[in-house]
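Asker: Dock chain B against the given chain A, drawing on the hints supplied.
Taken in sequence, the protein lines are chains A and B. Take the first sequence: its position 197, counting from 1, is numbered 230 in our numbering, and each next residue is one higher. Take the second sequence: its position 306, counting from 1, is numbered 334 in our numbering, and each next residue is one higher.
Source of the hints: derived by calculation from the structure; they are not laboratory data. Heads up, none of these hints are tricks.
Covered by chain B, according to a simulated footprint, are these stretches of chain A (three or more residues, beta-carbon under 8 Å):
| hint | segment |
| --- | --- |
| 1 | 64 to 77 |
| 2 | 106 to 116 |
| 3 | 185 to 191 |
The C-beta atom is built at its ideal place from N, Cα and C for all residues, glycine as well.
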Amino acid sequence: MSVFVIRRLMQALLVVFLMSVIVFFGVNIVGDPVYMLVSPDADQADIEAAIRRLGLDRPIWDQYLLFLKGAAQGNLGDSFIFGEPALKLILHHMPATLELAFSALMLAIVIGIPLGLFSGLYPDNPISKGIMAGSILGFSLPTFWVGLMLILLFAVELGWLPSTGRGDTATIFGIETSLATWDGLRHIFLPALNLALLKISLAIRLTRAGVREAMSQDYVKYARAKGISTKRIIFVHVMKNIMIPVVTVMGLEFGSLIGFSVVTETIFAWPGMGKLLIDAILQLDRPVVVAYLMIMVLFFVVINLVVDILYSILDPRVRLQDQGA
Amino acid sequence: MRKLTAAAAVSVSVFALLTGAASAEKLTIGLASEPTAMDPHFHNLGPNNAISYHLFDRLIAQDEKQRLSPGLAVSWQPIDELTWEFKLREGVKFHDGSDFNADDVICTMERAPDVPNSPSGFGTYLKGKTFKKIDDYTVHISTETPYPLMANDISTIPVISDSAGCGAATEDFNTGTAAIGTGPFKFGSYKPGESITMVRNDDYWGEAPIWSEVDFRPIKSGPSRVAALLAGDVDMIASVPTTDIGVLEGKGEIQLSQGVSNRVIYLHLDQFRENSPFVKGTDGSDIKNPLLDQRVRLAISKAINRNAIVDRVMEGVALPAGQLLPEGFFGVSANLQPIDYDPNGAKELLAEAGYPDGFQLTIHGPNDRYINDAKIAEAIGQMLTRVGIKTAVETMPRSVYFGRASRGSADGQPEFSFILVGWGAGSGEASSPLKSLIHTYDKDKGFGSSNRGRHSNAEIDAKIEEALRTVDDEKRQDLLAEATEMAINDVAIIPTHFQVNTWAAKKGLKYIPRTDEYTLAMGVVKE
Numbered sequence: 034m035s036v037f038v039i040r041r042l043m044q045a046l047l048v049v050f051l052m053s054v055i056v057f058f059g060v061n062i063v064g065d066p067v068y069m070l071v072s073p074d075a076d077q078a079d080i081e082a083a084i085r086r087l088g089l090d091r092p093i094w095d096q097y098l099l100f101l102k103g104a105a106q107g108n109l110g111d112s113f114i115f116g117e118p119a120l121k122l123i124l125h126h127m128p129a130t131l132e133l134a135f136s137a138l139m140l141a142i143v144i145g146i147p148l149g150l151f152s153g154l155y156p157d158n159p160i161s162k163g164i165m166a167g168s169i170l171g172f173s174l175p176t177f178w179v180g181l182m183l184i185l186l187f188a189v190e191l192g193w194l195p196s197t198g199r200g201d202t203a204t205i206f207g208i209e210t211s212l213a214t215w216d217g218l219r220h221i222f223l224p225a226l227n228l229a230l231l232k233i234s235l236a237i238r239l240t241r242a243g244v245r246e247a248m249s250q251d252y253v254k255y256a257r258a259k260g261i262s263t264k265r266i267i268f269v270h271v272m273k274n275i276m277i278p279v280v281t282v283m284g285l286e287f288g289s290l291i292g293f294s295v296v297t298e299t300i301f302a303w304p305g306m307g308k309l310l311i312d313a314i315l316q317l318d319r320p321v322v323v324a325y326l327m328i329m330v331l332f333f334v335v336i337n338l339v340v341d342i343l344y345s346i347l348d349p350r351v352r353l354q355d356q357g358a
Numbered sequence: 029m030r031k032l033t034a035a036a037a038v039s040v041s042v043f044a045l046l047t048g049a050a051s052a053e054k055l056t057i058g059l060a061s062e063p064t065a066m067d068p069h070f071h072n073l074g075p076n077n078a079i080s081y082h083l084f085d086r087l088i089a090q091d092e093k094q095r096l097s098p099g100l101a102v103s104w105q106p107i108d109e110l111t112w113e114f115k116l117r118e119g120v121k122f123h124d125g126s127d128f129n130a131d132d133v134i135c136t137m138e139r140a141p142d143v144p145n146s147p148s149g150f151g152t153y154l155k156g157k158t159f160k161k162i163d164d165y166t167v168h169i170s171t172e173t174p175y176p177l178m179a180n181d182i183s184t185i186p187v188i189s190d191s192a193g194c195g196a197a198t199e200d201f202n203t204g205t206a207a208i209g210t211g212p213f214k215f216g217s218y219k220p221g222e223s224i225t226m227v228r229n230d231d232y233w234g235e236a237p238i239w240s241e242v243d244f245r246p247i248k249s250g251p252s253r254v255a256a257l258l259a260g261d262v263d264m265i266a267s268v269p270t271t272d273i274g275v276l277e278g279k280g281e282i283q284l285s286q287g288v289s290n291r292v293i294y295l296h297l298d299q300f301r302e303n304s305p306f307v308k309g310t311d312g313s314d315i316k317n318p319l320l321d322q323r324v325r326l327a328i329s330k331a332i333n334r335n336a337i338v339d340r341v342m343e344g345v346a347l348p349a350g351q352l353l354p355e356g357f358f359g360v361s362a363n364l365q366p367i368d369y370d371p372n373g374a375k376e377l378l379a380e381a382g383y384p385d386g387f388q389l390t391i392h393g394p395n396d397r398y399i400n401d402a403k404i405a406e407a408i409g410q411m412l413t414r415v416g417i418k419t420a421v422e423t424m425p426r427s428v429y430f431g432r433a434s435r436g437s438a439d440g441q442p443e444f445s446f447i448l449v450g451w452g453a454g455s456g457e458a459s460s461p462l463k464s465l466i467h468t469y470d471k472d473k474g475f476g477s478s479n480r481g482r483h484s485n486a487e488i489d490a491k492i493e494e495a496l497r498t499v500d501d502e503k504r505q506d507l508l509a510e511a512t513e514m515a516i517n518d519v520a521i522i523p524t525h526f527q528v529n530t531w532a533a534k535k536g537l538k539y540i541p542r543t544d545e546y547t548l549a550m551g552v553v554k555e
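Bound-form chain A, shown alone (with noise of 0.2 Å):
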């Protein structure tokens, strides 16, 4: 069991090492971020200044090793443009993502399991079909379309709800978080929305292909012969087996959330790392970039390793297969 840890905690590093070649190379050769930096007002000596003072008068190489350096005593660089530790920031507006992230797989959960469960009871209701239909939509709209046209509808036509921005944070459990006011919770369910569409979508989809499967299966043959409620097979037996796959399929949806939010905090001026990304790209921030990239990286090869070994710790046979290999 531990070789097969070590090994693929060693497949990580590999992947993590290539990964910050691929990235640094990458966002370094693009642009030149001196220009987007300096007053206009500056001369020639100020412009040399500045290129020595941010390292860019090195070779790439040696960047990339002072990087590498940086990286190994858990320092990403500075940001060009704030000065500041370029993990710092990002760590400083991850709270904003997640909460938005969660709000918006929470709303996808609760909106689009009993939908689903509904459409695939009554496949043949008329309510059915619209709910399918409009599926079909929040696949297909793009994000920033949708995301102006909320606004439109409940901020500047209807007055309901605040157009942009983060509303007021509370302190719970030691995180700053808008779930905990009233102000905050207005101010977050427009762009949550928006950001669940899809994923409500999906949930849809899962959720009634699974029923209408589970169904006509002999279990559910079975407990109805035995004169059990429709209610209890529902919520019960059905519902339990439907729900492997959702949580499952949800729960990997949770990261591309997470990636995926850039546009939404854009147009809904959402305070979170994704605006920051796309702010440290349109200005060459380049620390910032590589850093945000190196962090989803060490993101998704920590939830791959974890799953690798809880895999090997409920199938014993991918451990043994690893070992015969």
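Answerer: Using the frame of chain A, we list chain B on its own:
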């Protein structure tokens, strides 16, 4: 009786007007770009400078037209060739109650050029200047050579407090502990990406602002910013997208404010290479660079229909440009008008210069820097093609563009042959574009730093340098105007238009537009 009530009503409303200044009124502003720090010396960048204007005064203030007026200094004048005397305002207090005096000025000028980790500081304006405290309210600034732009340079530097700010790090300003100025507003809170709040400084030495509280919200996406205004979440927004101006004009509840900026959009042409990489003959072969010929440059200028760019591309929100700064600025020539659209004249000039069939050219430009920049490049491409210069258009993000346009070729020279760029005169007078765009590229003297066409004319250089030595305002003004005329006649660059900025506020509010494009709460007035 009726008269009496009316009189009472009038007096009540007058009373309300008079006390309006002291009442609690909150203003929320949606910004297009946010500052990178609360430290006024951290980054010499428009959004940072605009925010720092609220908290920190300068020795010399720039008004909405960038004219200089007394700030923390009540007077400034040269006492000999190399020394300027600044008399400071007495009785001014910082937000923490401490007195303002010469020590604050001295330490400000020491810190401003040298903030750790600063992406781009204020060193440009302080180079070669020595500051000396004479007494508590007198400071002498000396230079090695006569320097007329002293007041303009000094007007860019925000003054911080000796006790609270000079020893502080940028982080201390961001948390607010060091953000102690003398400005009309006091620091409230700073949440990057979210909001910046300020409260009125009731002890302000100048005219106290009418807003008791101001909340700046960065909303980068243009449509979202407009929606936030329409939804009533913000009272005013900066940088209204040109496509939305028509829609907002029709809405009774929105008030637009427009003003020309100090930013000229212009074309630079390769004037230093015999073979320019993006100029080809009609058959695609290498030819001698035709842009070296003044007649060809003039033909290009005549081929551009500036009114069409303003009306169609900019939807009327711009002014055709015939020189480097719009009317009203210091050093502007009264003789220069935008060059008329004259396609036939352009063809004749091309034929005269030996290019009756034209040639091939590529225009390069940014697509995310200036208002409608990519569309302008496309329009110019079409206009030139019409007179025979087959022009391809290539635009790119500014993060890629400016590096290549400034030093993209293998030998560290500008890469492109024909580019679209803009220039905002931070100092608010004509020496700024003349020095950086027109003067020969000269690394040692620091001239021509943005001269990406490398135009070089010794006579114009001499004129600019003479102006930069002339302390007498009237003489300098004439010299700058003459230099501008020479540059335009030589077609050193081709100005196309001046950018006009648009702010939108809810009904009852009006923004006094600023040429430096800053959005200041002090400029939001009630109607």
